[in-house]
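Visitor: Fit chain B with the ligand to the supplied structure of chain A, relying on the hints for placement.
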Amino acid sequence: MGEPGELAADEHVRYIVTAEKKKDSFESLVMEHLRLSGAYWGLTTLDLLHKLQAVDAREVVDWIMSCYHPESGGFAGNVGHDPHVLYTLSAVQVLCLFDRLDVLDVDKIADYVAGLQKEDGSFAGDIWGEVDTRFSYISICTLSLLHRLHKINVEKAVEYIVSCKNLDGGFGAMPGGESHAGQIFCCVGALAITGSLHHVDRDLLGWWLCERQCRDGGLNGRPEKLADVCYSWWVLSSLIMIDRVHWIDKEKLAKFILNCQDKENGGISDRPDNAVDIYHTYFGVAGLSLMEYPGVKPMDPAYALPLDVVNRIFLRKQQ
Amino acid sequence: MHGQPRRPAKPEDDAAAAAKAAKLRDLQVQVLQNHHSRTYTEEALGLSFKLLEINPEAYTAWNYRKLALQHNLRELTDPEAIKSSVDDELRVVEIALRQNPKSYGAWYHRKWLLNQKLTPVDFKREFGLLDKLLKVDARNFHGWNYRRFLAKFMGVPEEEELKYTMDKICDNFSNYSAWHNRSILLSNLLTQQRKGFESKQKICSEEFELVTQALFTDPSDQSGWFYHLWLLAQTSSPENPQLISSWPCNGAKLSLSLVGKKDDLNTVSSSLKEGIVPIVLYFNEPVKGLSPSTVKLNSDLVIGNNIQWRPLSITDSGHSNCWATYLEITNKECSSSQQFSVEVSIPCSDDIVSRSGSHCNCPVHFMFTIELGNNDDKARNIDLFHDPISWNGSESVQSHGNPSSVPFDHLNITDALVQEESKWHLEALSEQIDLFRELPDENSKFAKLTLARLSLACAAIKSRGNSPIERKGYCEEALGFFSDLIYLDPSHKRYYEDERSSVQMDQLTCNMATFMEHCSDQVQSNLSPLNHVQLCRLALTRIGYPERLLWVQMLDLSHNNLRSVEGLEALQQLVCLNISNNQISGFTSLEPLTKIISLKVLDLSCNEIGAHSIDTARYICLSPFSHKVEPCDAFEECRKKNINVEEFWDAILFFKSVNLVQLDVKGNAVANKDTFRTVVMTLSPSLKFLDGTCVH
Ligand SMILES: [Zn+2]
Chain A
63 MGEPGELAAD EHVRYIVTAE KKKDSFESLV MEHLRLSGAY WGLTTLDLLH KLQAVDAREV
123 VDWIMSCYHP ESGGFAGNVG HDPHVLYTLS AVQVLCLFDR LDVLDVDKIA DYVAGLQKED
183 GSFAGDIWGE VDTRFSYISI CTLSLLHRLH KINVEKAVEY IVSCKNLDGG FGAMPGGESH
243 AGQIFCCVGA LAITGSLHHV DRDLLGWWLC ERQCRDGGLN GRPEKLADVC YSWWVLSSLI
303 MIDRVHWIDK EKLAKFILNC QDKENGGISD RPDNAVDIYH TYFGVAGLSL MEYPGVKPMD
363 PAYALPLDVV NRIFLRKQQ
Chain B
20 MHGQPRRPAK PEDDAAAAAK AAKLRDLQVQ VLQNHHSRTY TEEALGLSFK LLEINPEAYT
80 AWNYRKLALQ HNLRELTDPE AIKSSVDDEL RVVEIALRQN PKSYGAWYHR KWLLNQKLTP
140 VDFKREFGLL DKLLKVDARN FHGWNYRRFL AKFMGVPEEE ELKYTMDKIC DNFSNYSAWH
200 NRSILLSNLL TQQRKGFESK QKICSEEFEL VTQALFTDPS DQSGWFYHLW LLAQTSSPEN
260 PQLISSWPCN GAKLSLSLVG KKDDLNTVSS SLKEGIVPIV LYFNEPVKGL SPSTVKLNSD
320 LVIGNNIQWR PLSITDSGHS NCWATYLEIT NKECSSSQQF SVEVSIPCSD DIVSRSGSHC
380 NCPVHFMFTI ELGNNDDKAR NIDLFHDPIS WNGSESVQSH GNPSSVPFDH LNITDALVQE
440 ESKWHLEALS EQIDLFRELP DENSKFAKLT LARLSLACAA IKSRGNSPIE RKGYCEEALG
500 FFSDLIYLDP SHKRYYEDER SSVQMDQLTC NMATFMEHCS DQVQSNLSPL NHVQLCRLAL
560 TRIGYPERLL WVQMLDLSHN NLRSVEGLEA LQQLVCLNIS NNQISGFTSL EPLTKIISLK
620 VLDLSCNEIG AHSIDTARYI CLSPFSHKVE PCDAFEECRK KNINVEEFWD AILFFKSVNL
680 VQLDVKGNAV ANKDTFRTVV MTLSPSLKFL DGTCVH
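Just so you know, the sequences run in chain order A and B.
Position one of the first sequence corresponds to residue 63 (my numbering), numbered consecutively onward.
Position one of the second sequence corresponds to residue 20 (my numbering), numbered consecutively onward.
Only chain A is shown next, with the shape it has when bound in the complex (with noise of 0.2 Å):
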């Protein structure tokens, strides 16, 4: 390993504009189920960097609505595919990125998402019905940022995530599941979106959470495993709703996630010197946006979009 020197932005925005083009590499066909994802990683990172402007927006918007399924409301990750929640916040991150949510019918999508809340409180990530905590997140956050949250019961989808704290002050997939930060940035997300993070024993699962921070620098997601460019921002964003992020050493995670860049040909890795990806890129400049990296726009915790997007949508006068 050399130096980390700098964030090779110039070389990262190339590589997510060429990486668009190749659709026929094996690697990419094995994600081309859920491109609407992809899309909101590559042009988040883009925005991060000040670059959004070289993709063409009426492009992006119009293949985000071929993903729509008028009579669902809901998006699928790609042309041909079915509806799921996880792809309808992605086309409705990626809409607010462009700032047009005009071109969405807002109620009906509303109403797909909150038809997936169950008695419990809990959600359902698509009709057949797998219920998890990243749906809760999921769901809670599409909501809000179209302005939506009173159709679904926001106390019973609280008292849900709340029961699947764990006695390490994380949060599992479901009652009785195991902390992991991924997990727990969902948890904390949805609770952070609702005004409910009175739920959190912040020292507890801040405690947790910054020993998440390994030798080298990195994040790993629970406890005994290896450091992961993900984790910067799952740990990270979740520190910060928090306010215990003053916790861990960003200077050595900062190295941890420069360390991992191509710097040749672009990308960064979920270790040194593995093969970048779309995903690790993304969740490494936005790792570094939290740590307030110069030339990287700030992150909304929360919402995992650009700072200045979701004042816009919060702030922004409302007609």
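It is possible that some hints are incorrect.
Straight-line C-alpha distance at most 16 Å; calculated EDC-like pairs for lysine to aspartate or glutamate [to be verified]:
| no. | chain 1 | residue 1 | chain 2 | residue 2 |
| --- | --- | --- | --- | --- |
| 1 | A | K379 | B | E655 |
| 2 | B | K512 | A | E313 |
| 3 | B | K42 | A | D86 |
| 4 | B | K647 | A | E94 |
| 5 | B | K39 | A | E94 |
| 6 | A | K379 | B | D652 |
| 7 | A | K287 | B | E649 |
| 8 | A | K379 | B | E666 |
| 9 | B | K42 | A | E94 |
| 10 | A | K312 | B | D508 |
| 11 | B | K512 | A | D311 |
| 12 | B | K39 | A | E89 |
| 13 | B | K85 | A | E192 |
| 14 | B | K512 | A | E192 |
| 15 | B | K143 | B | E113 |
| 16 | B | K307 | B | D240 |
| 17 | A | K287 | B | D240 |
| 18 | B | K130 | A | E192 |
| 19 | A | K379 | B | E61 |
| 20 | B | K39 | A | D86 |
| 21 | A | K359 | B | E666 |
| 22 | A | K314 | B | D369 |
| 23 | A | K379 | B | D508 |
| 24 | B | K42 | A | E89 |
| 25 | B | K42 | B | E61 |
Residues of chain A clear of chain B, computed beta-carbon distances all greater than 12 Å [to be verified]:
| no. | residue |
| --- | --- |
| 26 | L159 |
| 27 | K170 |
| 28 | E313 |
| 29 | C322 |
Which stretches of chain A does chain B cover? Using the computed rule of at least three CB atoms under 8 Å from a CB of chain B, they are [claimed, not checked]:
| no. | stretch |
| --- | --- |
| 30 | 280-287 |
| 31 | 369-378 |
Worth flagging that the hints you see were computed from the coordinates, not collected in a lab.
Each residue gets a CB set at the ideal place from its N, CA and C atoms; glycine is no exception.
Guide: Just chain B with the ligand now, with coordinates in the frame of chain A:
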């Protein structure tokens, strides 16, 4: 992608990769076509099988198989044929899990199948599959989730599952997943008081023994330490919520007038808001359920009949350590000074409950008196803040040295009942301390941290008044451990500093002799003397033990490292606060101050407000992003003055909720912006002094 080495593609791989990709593309296209045309033939199903074998993440293919199964079952009546269809699905899942044992789609397909209850479940096959998978990866949380699902599905007693976690732990102590499941099962069994699980003491002792064994085997493994922390919390957390402090305290004498000098030094001048007396109740853990029916107020005063108890915690949740109500005294027009008494009693009540559901079982009764002065017009018209409050000007400060008005003896209005169990707790904890001192790897940071926590748990049991010397000893030991840790584990330095800060606050305030060094009476021109506490240059990073400061009217916390003022919301008497030269980074983190109705003077100079692009208190405070604040008039008012609400929303929300007379904000990045001054001036009509200059 995880764990794939980065390397340039070799030309000889290209052809193979292209063929592989072409095959996958073909499969994906065909499966989607069959899905859209609802083709559920055996051949079509075979293609989806092939696709899922290569790419178990192709979620639409799982949906397709579910639809196909539902469709094909409609034509099947023969139980054998149904069984064979179900078996096919189970097999697809198994093959897919071989490709990716963490495939959400595959695991859910199996759960969905079982939930259809089409055929009797072969539990041997299910548990066998799990055993195989958990043997390969004992931490696969999908596997553990499925195991919990199965156990519930077939009604396996939790005692049995507890045994399974024991087996897994014995295989390998370093298995956080197994420890986690154990903590879940044990706490369920303990709450249900199942046979053999009636005695928490016995269970905890056994578990301490088990986990200690693991920790001595490998002190650097985190799994056991987290489990140990959970056990420690079981051993040292309060059994029942208790009132530990109040304002006014028992026997206090309040005077409602703030004008002039007090004749009687035993009287405390109350709120600046004439006619309003706050009552603050502080509990040892967050509780809910305070209301006029659970807290009885008795007085010969007319105090209004709509008494409402409000939680003062940072977010408006049902539970809070600290509750307040505000008495509005309506019969204050007296010709001569008169005394009235107020009695507060909290009988045993099932309605005041903690988060864990235990209720307040220790009745409390206390009384204080209010003196109403003769309210002549002259006194009423005096400008209390004619001159700016000075924090260090010796000419206007007349220190009495001894704050006569603070009845220290009553800071704790209920001596914590020495509970039967606390003796056991203390024994168990001391045993642990002795043990970990012997841990050979003396530099293990977890050992040190655990020792610090054990010491603090002991200190908490040795409540003030009972054995202050022993308590002090425990605190000092803990401070020593934290200092070691800061050196040993610099990455988490600021965590240890925060912990140390709480202990420091405890030490400063728990003992009358040390606390008195920081207390004084302050006389400021027209105001009557204020209870003044000075906690400067102590490297404090956060506030601890606010329940011991409820009576403070003037608080100087300057020159510390405070990032947060959480806790100060309990100080409903506070008039002047100095938090200059700290590390406050935004107005969002000052939200607790908006709950202090009497706050008039605030010194924020030399902090970091406006210097950070990431606001770590953004979701701790009430805001439009968390749906706790509606777009308000203040936003509109600011827009009219061309203030960018998206930039200054936090300042706007803060200044619209406080009512300051004097503000110092110089030495912060935000103070250099002209628009910021406009925000302050627009929203603070009562402000007289801004950064030392008279503005109104
Ligand atoms: Zn990763």
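Visitor: Taking the hints in turn, state whether each one holds.
Guide: Here's how the hints hold up against the structure:
{"no.": "1", "hint": "A:K379 x B:E655", "verdict": "9 Å, holds"}
{"no.": "2", "hint": "B:K512 x A:E313", "verdict": "13 Å, holds"}
{"no.": "3", "hint": "B:K42 x A:D86", "verdict": "11 Å, holds"}
{"no.": "4", "hint": "B:K647 x A:E94", "verdict": "39 Å, violated"}
{"no.": "5", "hint": "B:K39 x A:E94", "verdict": "15 Å, holds"}
{"no.": "6", "hint": "A:K379 x B:D652", "verdict": "12 Å, holds"}
{"no.": "7", "hint": "A:K287 x B:E649", "verdict": "43 Å, violated"}
{"no.": "8", "hint": "A:K379 x B:E666", "verdict": "13 Å, holds"}
{"no.": "9", "hint": "B:K42 x A:E94", "verdict": "14 Å, holds"}
{"no.": "10", "hint": "A:K312 x B:D508", "verdict": "14 Å, holds"}
{"no.": "11", "hint": "B:K512 x A:D311", "verdict": "8 Å, holds"}
{"no.": "12", "hint": "B:K39 x A:E89", "verdict": "10 Å, holds"}
{"no.": "13", "hint": "B:K85 x A:E192", "verdict": "13 Å, holds"}
{"no.": "14", "hint": "B:K512 x A:E192", "verdict": "41 Å, violated"}
{"no.": "15", "hint": "B:K143 x B:E113", "verdict": "15 Å, holds"}
{"no.": "16", "hint": "B:K307 x B:D240", "verdict": "39 Å, violated"}
{"no.": "17", "hint": "A:K287 x B:D240", "verdict": "11 Å, holds"}
{"no.": "18", "hint": "B:K130 x A:E192", "verdict": "9 Å, holds"}
{"no.": "19", "hint": "A:K379 x B:E61", "verdict": "58 Å, violated"}
{"no.": "20", "hint": "B:K39 x A:D86", "verdict": "11 Å, holds"}
{"no.": "21", "hint": "A:K359 x B:E666", "verdict": "14 Å, holds"}
{"no.": "22", "hint": "A:K314 x B:D369", "verdict": "50 Å, violated"}
{"no.": "23", "hint": "A:K379 x B:D508", "verdict": "48 Å, violated"}
{"no.": "24", "hint": "B:K42 x A:E89", "verdict": "13 Å, holds"}
{"no.": "25", "hint": "B:K42 x B:E61", "verdict": "20 Å, violated"}
{"no.": "26", "hint": "L159", "verdict": "16 Å, holds"}
{"no.": "27", "hint": "K170", "verdict": "21 Å, holds"}
{"no.": "28", "hint": "E313", "verdict": "9 Å, violated"}
{"no.": "29", "hint": "C322", "verdict": "9 Å, violated"}
{"no.": "30", "hint": "280-287", "verdict": "holds (count 4)"}
{"no.": "31", "hint": "369-378", "verdict": "holds (count 8)"}
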